[in-house]
Amino acid sequence: MNVVETKALGRRYGKRWALRDLDLTVAEHTVVGLVGPNGAGKSTLLHLVAGLIDPTEGSVNVLGAQPGSKGVLPDVAFVAQDSPLPKRPRVCEVVAMAAGMNVRWDADVVSKRLRELRVDESHRVGELSGGQRAQLALALALAKRPRLLLLDEPVASLDPLARRGFLQSLMAAVADGGMTVIFSTHLIDDLERTCDHLVVLGQGTLLLSGSLDEIVQGHAVIVGSPDRPLPSGSSVVGGYRSPSAHQHLVSVSAPVIDPAWQQLAPTLDEIVLAHLAVEPERRPVRRLEVV
Amino acid sequence: MIALRLDPGSGVSTYLQIVHQVRQAVQLGVLREGDQLPTVKEVVGALAINPNTVLKAYRELEHEGLAVGRPGVGTFITRTLTSPSPEEQTRLRAELGRWVDRATDAGLDIETMVGLLRSVVNQASGSAVA
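Protein chains in written order, with the working numbering: chain A, 1 to 291; chain B, 1 to 130.
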């Protein structure tokens, strides 16, 4: 079953398209990483899926219904960038507030998590560290027992240790089963560890989408002399050229078997950066297959 | 029980790193028949990785006949690997020696040879699991 389905989805702010012509499907029980530079449309997409904004064109469907509609609201949890929580109230008051706003609420999730983090519930939210606040926001989202969890750059402002702790909590929650996660991030290392699928956005359009394995197997770094024709079935995404040798990052439909080209395994980092670096006018009309 | 670890810069996919580490632990005798592998939740909690990755690695180990999953209990090592016999190793070494001689005659330097070997090994291990 698809948890999210978008068709020709677009959203415009004034004259600027933040997102355009997006066809994307997200299968159940996957962890999807959303990457792209600032302004690529990541937050816009997450807000559209959460039902916090409406599309300008096209459609988005979440768990078989319109995002934000009564039927799906209890099943979707969204944590906005920097885990915005009111700073004045005490932790226990924020927990009680969140509990009161949700029809389904697993209080044990929050209390257990706060104990593990050694957070005193009588403290004010503003007194918590960045890592603790992010963990509190995650615990509140998980207490809904959501079928779809949306996180907008959850670890961007965290130090490495807090980031690790956050991802451990998130992955442990995924291990419990029944949840699909979409989260945006700038950190490709984190994606490699935590995601099944990757969606790369650039300037409001979909550049690359697929399972991590498909993406890595679908690319190669090849090195060879400039006068050689490219191996069959490969097309250049990026690379650099010197008079004596060309090094290309290519997308391939099958493993390259061409003695004229030395083949190296690309890292996910290289693949993502190469796709982001492609000039918009050079981009193919339709990209790699969708998730 | 072994502690799994990851090398993010290795370029080897996470699930393969787990498969390799378990296989190596069995080859070295660190893990023996009947030993339990860490549960998916334990690995996820320790390494902050996707549980599907751990499941995929354990499925691969089961597929190789190296481990067996018992639902609700865990995953257990089913056999002890033995490394190739000294005669076999000698034979492989001699074959490689002849190849190195031919490569030297063809004008390859050591780095090119190592690079070529690595790319062939990578390709073979890639297609073995694909």
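No lab work stands behind these hints: they were computed from the structure. Even glycine gets a Cβ: it sits at the ideal position worked out from N, Cα and C. Do not rely on the hints blindly, as some may be mistaken.
[Stated by the list, open to error] From the structure, some residues in chain B lie toward chain A, with a derived Cβ separation under 7 Å: (1) PRO8; (2) VAL44; (3) GLY45; (4) PRO51; (5) ASN122.
[To be verified] Which stretches of chain A does chain B cover? Using the computed rule of at least three CB atoms under 8 Å from a CB of chain B, they are: (6) 162 to 169; (7) 239 to 252.
Checked hints:
1. PRO8: Given a least distance of 5 Å, the restraint on PRO8 of chain B holds.
2. VAL44: Hint holds; VAL44 of chain B Cβ to chain A Cβ min 5 Å, cut 7 Å.
3. GLY45: Holds. Min distance 5 Å.
4. PRO51: holds (4 Å)
5. ASN122: Constraint on ASN122 of chain B satisfied, holds at 6 Å.
6. 162 to 169: holds (count 3)
7. 239 to 252: violated (count 0)
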